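Colleague: Spelled out, the chains give:
Protein chains: 2
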Amino acid sequence: MNRPASVEKMVEVIKKLPGVGPKMAERLSYHILKIPESEVGELLTAIQKARQIIKSCSFCYNLSEQDPCPICSDISREKHIVCVVETPQDLIAVSRVKEYRGLYFVLGGALSPLEAIGPNDIRIDKLIKRLKNDSISEVIIATDTDSKGEITAVYLAEIIKKLNIKVTRLGYGLPVGGDIEYADEVTISRAIAGRKEM
Amino acid sequence: MNRPASVEKMVEVIKKLPGVGPKMAERLSYHILKIPESEVGELLTAIQKARQIIKSCSFCYNLSEQDPCPICSDISREKHIVCVVETPQDLIAVSRVKEYRGLYFVLGGALSPLEAIGPNDIRIDKLIKRLKNDSISEVIIATDTDSKGEITAVYLAEIIKKLNIKVTRLGYGLPVGGDIEYADEVTISRAIAGRKEM
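In order, the protein sequences belong to chains E and P.
Heads up: the first sequence begins at 1 in this note's numbering, then just goes up one per residue.
Heads up: the second sequence begins at 1 in this note's numbering, then just goes up one per residue.
To be clear, the hints were calculated from the coordinates, so they are not data collected in a lab.
No copy is singled out in the list; a pair is fine if it fits within one copy or between any two copies.
List time: in silico BS3-like cross-link candidates among lysine-lysine, alpha-carbon distance up to 30 Å:
| # | residue 1 | residue 2 |
| --- | --- | --- |
| 1 | K55 | K16 |
| 2 | K15 | K55 |
| 3 | K15 | K49 |
| 4 | K162 | K79 |
| 5 | K148 | K129 |
Because the structure is a prediction, the values reported are computed rather than measured.
Hey, can you work out the whole structure from these sequences and the hints?
Modeller: As structure tokens, then:
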């Protein structure tokens, strides 16, 4: 016997989610068939509601229930400095740092020659337009430190410098709380280059 | 900034799914916010449809779109032999073995003294009732080979023998295609005990 068609379909659709393999999709599907109706309702409602309510902020492309988002509409923030991140999740991570009081811009990904993701596939044009219109004095590039994030940072820096705007990149070094034994060579080399007098 | 409330709710609900940790729940949530409406629709519809259509077969408790399920309603199958499994997924695994032409019974779990899962928490009464009413000559116990499955098998064997029904357990030994080097001691010991003349 095969799985009933409707279970097969559910497994197939769940398998499309990122990080979910065939075994996990099967396990999740049978779990969903087994839980009380109220729990399924809660799951479906949470997904539908988030999809309905969440918008992209038209200034920074942060995900938010309001447009402009709470950060862009916060008049106490410094308007002349913009931190560029790849995703809304990255924005939330940076925003936990209370010292940073500037604004943000979510690129929506990173350049990737290998995956054929070019400048037109992420919001580079929109970032440049915003930098031209608003009076921005500094752009902090906070893309990931993998090769895609690096390529994107270099590409952006080149364009932004031409606008006579200061461009900075988050500092490299050892992660706080990390064990030097497990740090890779490149990180240690960057940490040495960025060493500070005590 | 924290995550918007509706995203937070979605992450929290998704985190309840088995095998999904906080990071994975966040990743899935942002993925669901990003994909086209049609894909979200497909996901929600597949879940709702499976929940609506799938029933528990009232003879064997297999999950099926019909009641009785295709196996119980297949008149060509041997009605005097029942294979007892823990879950509908186990039933599908066993049913891939074409040689077995008997029926099934899904217990809906296994006994677990540690987790306080006793005989009344799985379908032991229903199994006994069925064995008493139908003329069953053999019960093959195909519960898992972990300690819960073992306890369940021993418990069931004791009750079923009293009904003067033959009880068998799936044979132990080396899994086919496996490497002896990686087989554990207990498995090898069982494989030696169950050795066959060539």
